[in-house]
Amino acid sequence: MKQTLSAAIGLFFLAITQVGSSQDMDLSKARAYFKGKTITG
Amino acid sequence: MIGSTPGGSVDGYSRLVGPYFAKHVGAKVILQNRPGGGSVAAFNYVYSKAKPNGLSLAFPIGSTQVLSKITGRAGVNYKVEDMSWIGVVAPTSNTLTAYKKRFKTIEDVKRAGRVRWGLTRPGGNSHFIGITLSKVLGIDVQFVPGYSESSSVRQALLSGEVDVAAYPATLFLSGTKEGLVMPLITMGDNRHPAAPDTPTLQEVIKKIPSPFDTWIEIARVGWFLVSSPGLSEDRRQFLSLALKKAVHDPEMLKKAQKHQFLIGYLEPGKAKEIARKMLEMPASEKKELRQLLKLQGKP
Chain A
70 MKQTLSAAIG LFFLAITQVG SSQDMDLSKA RAYFKGKTIT G
Chain B
1356 MIGSTPGGSV DGYSRLVGPY FAKHVGAKVI LQNRPGGGSV AAFNYVYSKA
1406 KPNGLSLAFP IGSTQVLSKI TGRAGVNYKV EDMSWIGVVA PTSNTLTAYK
1456 KRFKTIEDVK RAGRVRWGLT RPGGNSHFIG ITLSKVLGID VQFVPGYSES
1506 SSVRQALLSG EVDVAAYPAT LFLSGTKEGL VMPLITMGDN RHPAAPDTPT
1556 LQEVIKKIPS PFDTWIEIAR VGWFLVSSPG LSEDRRQFLS LALKKAVHDP
1606 EMLKKAQKHQ FLIGYLEPGK AKEIARKMLE MPASEKKELR QLLKLQGKP
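Here the protein sequences come in this chain order: A and B.
Residue 99 in the numbering used here sits at position 30 of the first sequence, and the numbers go up by one each step.
Residue 1371 in the numbering used here sits at position 16 of the second sequence, and the numbers go up by one each step.
Careful, some of the hints might be misleading.
Stated by the list, open to error - When the alpha-carbon atoms are kept at most 25 Å apart in a straight line, the in silico PhoX-like pairs for lysine-lysine are as follows:
no., chain 1, residue 1, chain 2, residue 2
1, B, Lys1490, B, Lys1456
2, A, Lys98, B, Lys1383
3, B, Lys1632, B, Lys1649
4, A, Lys98, B, Lys1600
5, A, Lys106, B, Lys1600
6, B, Lys1490, B, Lys1455
7, A, Lys98, B, Lys1378
8, A, Lys104, B, Lys1404
9, A, Lys104, B, Lys1378
10, A, Lys104, B, Lys1406
11, B, Lys1600, B, Lys1490
12, B, Lys1465, B, Lys1455
13, A, Lys106, B, Lys1404
14, B, Lys1404, B, Lys1383
15, A, Lys106, B, Lys1490
16, B, Lys1434, B, Lys1406
17, B, Lys1459, A, Lys106
18, B, Lys1383, A, Lys104
19, A, Lys104, B, Lys1459
20, A, Lys106, B, Lys1378
21, B, Lys1561, B, Lys1459
22, B, Lys1455, A, Lys98
The hints are simulated quantities; they were obtained by calculation from the structure and are not laboratory data.
All of these numbers come straight from a predicted model, not from anything done at the bench.
Turn these sequences into a full structure, and let the hints guide you.
In structure tokens:
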């Protein structure tokens, strides 16, 4: 049963996840900006 | 800002993913419930009051925000398309579920004539899903709106007060253990792991006719994570990447599996495109949808 669940969830991810191009931009400044900050969400 | 009261499905997903989002951002995340108007209050705040610095985020049900625009809902002062889109969590696994003593298959429901369909707020997401599914599946429905929250609809279903309802599978499928409810169709891309015998909508209806194909698409989108308009692109992309990592975090996935939360991530560009398609539907179609969503009454 556990294996079936894992397989189904895995399939779900395969179906919906798309690889974006987030890595193309230099995000180091953004990373430094958010470090230790408080986000309300 | 979570646009609902504590205890609902949006709240549950926020509390599941929130700590892992914080981990991958390297920040603290405070979850704040700001209910009101089907997440409109939270969305309005982030759109017009919060600074565009990425430190205030809203996490509302995506389709509700789009529908609020289409129906011209009072109090809406945002443009969905102008928000800074971080991503979408958990494309929904809404599942059409029946009271088992009456129905065991979707064909039973169709043959029954008029069935009572339990809803929370008229004009909201569950109502939209009800309209869309009943149209696509050819079910004659009498909507019974006014239940305070989705757990109350579930209770009404379990007591036989209503015949069918469609809500996130995680919330409804627990009733299957007691043999009281029957999941008939799930709207996810794949069968829900907790209901492996229940077909997806795509398995039952191979080609969904227009305009319901677009309606189904927006109904299947989950919860948008958005920030204020004007957030710098590097911060938006950084938050987007952190959200993606959070949703794929192995520890988080273990917890999701344990609590039977079906969870996934949709790129912001894809979600925005779905919302755009819906917002740009022809005026006649918008008019029809507005008419269908004008439902009043209490159970």
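* State the violated hints by number, sorted upward, taking the hints as numbered earlier in the document. => 11, 15, 17, 19 and 22
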